[in-house]
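Visitor: Work out the full structure: start from the sequences and follow the hints.
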Amino acid sequence: MKKILVINTKYQITGGEDSNIVDELKFLQKHYDVEYLEYDNSKNIDIFDLFSFITNSNMKSNKKLKQHLREFKPDLVYVHNTWFKASLGVFNILQKEGIQTIIKLHNLRYYCAKSYLISKHVKPGKPCSACNLDRKKLQVLNKYFNDSLLKSLILIRYTKKFIKIIKRKQFTILTITDFHQQFLLNLGIKEEKINLYSNPIEIRTIKKANNTPKNDYILYAGRLSEEKGVGELLDSWKKTDTKGLKLKIIGTGPLEDRLINSFQHSDIIFTGYLNNKAVLEEIKNSRAVVTATKMYEGQPRLLCEASSLGVLSIYPSFGGMDEFFPPDYNFSFKQYDYENLIEKLSAIINTESIEEEGERVLNFISAKLNESKLIKDFQKAIEG
Numbered sequence: 130m131k132k133i134l135v136i137n138t139k140y141q142i143t144g145g146e147d148s149n150i151v152d153e154l155k156f157l158q159k160h161y162d163v164e165y166l167e168y169d170n171s172k173n174i175d176i177f178d179l180f181s182f183i184t185n186s187n188m189k190s191n192k193k194l195k196q197h198l199r200e201f202k203p204d205l206v207y208v209h210n211t212w213f214k215a216s217l218g219v220f221n222i223l224q225k226e227g228i229q230t231i232i233k234l235h236n237l238r239y240y241c242a243k244s245y246l247i248s249k250h251v252k253p254g255k256p257c258s259a260c261n262l263d264r265k266k267l268q269v270l271n272k273y274f275n276d277s278l279l280k281s282l283i284l285i286r287y288t289k290k291f292i293k294i295i296k297r298k299q300f301t302i303l304t305i306t307d308f309h310q311q312f313l314l315n316l317g318i319k320e321e322k323i324n325l326y327s328n329p330i331e332i333r334t335i336k337k338a339n340n341t342p343k344n345d346y347i348l349y350a351g352r353l354s355e356e357k358g359v360g361e362l363l364d365s366w367k368k369t370d371t372k373g374l375k376l377k378i379i380g381t382g383p384l385e386d387r388l389i390n391s392f393q394h395s396d397i398i399f400t401g402y403l404n405n406k407a408v409l410e411e412i413k414n415s416r417a418v419v420t421a422t423k424m425y426e427g428q429p430r431l432l433c434e435a436s437s438l439g440v441l442s443i444y445p446s447f448g449g450m451d452e453f454f455p456p457d458y459n460f461s462f463k464q465y466d467y468e469n470l471i472e473k474l475s476a477i478i479n480t481e482s483i484e485e486e487g488e489r490v491l492n493f494i495s496a497k498l499n500e501s502k503l504i505k506d507f508q509k510a511i512e513g
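Letter 169 of the sequence shown, counting from 1, is numbered 298 in the working numbering, and no numbers are missing.
These are computed hints drawn from the structure, not numbers from a lab. You may find that some hints are simply not true.
[Unchecked claim] Below, simulated DSSO-like cross-link-like pairs (lysine-lysine); rule was C-alpha separation at most 27 Å, straight line: (1) Lys296 to Lys280; (2) Lys296 to Lys195; (3) Lys413 to Lys155; (4) Lys193 to Lys272; (5) Lys290 to Lys225; (6) Lys280 to Lys189; (7) Lys192 to Lys172; (8) Lys367 to Lys377; (9) Lys377 to Lys131; (10) Lys509 to Lys225; (11) Lys289 to Lys272.
[As the list claims (entries may be wrong)] Estimated spans, in silico, between C-beta atoms of each pair: (12) Glu320 to Glu485: 22 to 28 Å; (13) Leu270 to Glu488: 47 to 53 Å; (14) Phe177 to Asn499: 29 to 35 Å; (15) Ile483 to Leu316: 22 to 28 Å; (16) Lys289 to Ser475: 29 to 35 Å; (17) Glu512 to Pro383: 40 to 46 Å; (18) Lys298 to Leu270: 29 to 35 Å.
Heads up, the beta-carbon is just placed ideally off N, CA and C, and yes, glycines get one too.
Guide: Shown next, in the form of structure tokens:
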């Protein structure tokens, strides 16, 4: 059985990508001998991290990797996020050792942080669709992190080197959508290096219990932040004839207090943080889930989990999001067109074919994320 070492750096705030890693490990362990090496950005910064910001190589992280390579002796190393604890030194080690390496790109941060100049990132008057950064008047530097220019400069230096690394012929790249593949081609990555491979999720054919509330709310679950468009979603909801339905908002984030104070209404419920099991229960019994995200999403976890439960989604049609729904899907809206969002909310409130449409999205996602198909896609990538 092929031995695979999976490497990932956990985010400071747990998000969808961290949850995806958990699901993917379970999936790969059914077919391969898998070991997981995790770095954690939530830990305190130490002297090794400070030096790594200068050298783009973390001695402590490198030592940890070398130990796993020596003891586990993997045939393949599968790398996810390396910012910032893992750092880029891991790629130099893997190349020097001659170990087959594949890199999965979950998002487009490398595009947003590839230049020191804001003019090469964001056009005037139009926020970046990959990170929602808006260009301020007379702004010159590309300040990716609003709270820190220094951190932004460190990330840009890191990213410029990372782009050179992923262009190396020794490394294979995995993307989740055709849209992301085209993005890489436009960046100058050779087509033969890129492979398509979606995030595995469990397809949960769970029926609604007879004694549970059915379809009396629409659900948003995720970070309460500007780039997720939660404020615009709530504004649109207020303008919709909800016919007694409620909008549940699950999650926390920088806009939480402001949104709670601004949208105090009997048909809007803020639940705060819920664990994944509780969120799945809420999705299962909802009429639909909704997002008004302003950013390109890799593989929208909320929407895919909803489809896996036979629940409909309302989402902005842009980037690669349409790839996870049937071609004639009727409940997506035009990005930034909130009148269109209101129309879709009204349509899903009034439709009488919830179960029929739910069956369609379930069948589509089941075929797209079929375990046999996914393992074939992964095997194709590692066989070159």
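Visitor: Each of the hints needs a verdict: does it hold here or not?
Guide: Evaluated hints:
With a C-alpha separation of about 25 Å, the suggested pairing of lysine 296 with lysine 280 holds against the 27 Å cut-off. A C-alpha spacing of about 23 Å is found between lysine 296 and lysine 195, which places the hinted pair at or below 27 Å, so the restraint holds. Our distance criterion of 27 Å between C-alpha atoms is met by lysine 413 and lysine 155, whose separation comes to about 22 Å. Between lysine 193 and lysine 272, the direct Cα distance comes to roughly 32 Å. Violation of the 27 Å bound is thereby established for this hinted pair.
Pair hint lysine 290 plus lysine 225 holds up; C-alpha atoms about 17 Å apart against a cutoff of 27 Å. Taken as a hint, the lysine 280 and lysine 189 pair is honoured in the structure, with Cα atoms around 21 Å apart against an allowance of 27 Å. At most 27 Å may separate the alpha-carbon atoms for a hinted pair to count; lysine 192 and lysine 172 meet this at roughly 17 Å. At most 27 Å may separate the alpha-carbon atoms for a hinted pair to count; lysine 367 and lysine 377 meet this at roughly 13 Å.
About 44 Å separates the Cα atoms of lysine 377 and lysine 131, which puts this hinted pair outside 27 Å; it is violated. Restraint check: the Cα-Cα separation between lysine 509 and lysine 225 comes to about 24 Å, which is no more than 27 Å; the hinted pair holds. At most 27 Å may separate the alpha-carbon atoms for a hinted pair to count; lysine 289 and lysine 272 meet this at roughly 15 Å. For glutamate 320 paired with glutamate 485, a C-beta distance near 39 Å fails the hint of 22 to 28 Å.
At roughly 51 Å, the beta carbons of leucine 270 and glutamate 488 sit within the given window of 47 to 53 Å. Judged by the Cβ atoms, the range 29 to 35 Å given for phenylalanine 177 and asparagine 499 is violated: they are separated by roughly 43 Å. Between isoleucine 483 and leucine 316 the beta carbons are some 41 Å apart, a value that contradicts the proposed interval 22 to 28 Å. The hint said 29 to 35 Å for the Cβ distance between lysine 289 and serine 475, and at roughly 47 Å that hint is violated.
Checked against the hint of 40 to 46 Å, the pair glutamate 512 and proline 383 passes, with Cβ atoms roughly 44 Å apart. For the hinted restraint 29 to 35 Å between lysine 298 and leucine 270, the CB-CB distance of approximately 33 Å keeps it satisfied.
In summary, the structure is inconsistent with hints 4, 9, 12, 14, 15, 16 from the numbered list given earlier, while agreeing with the others.
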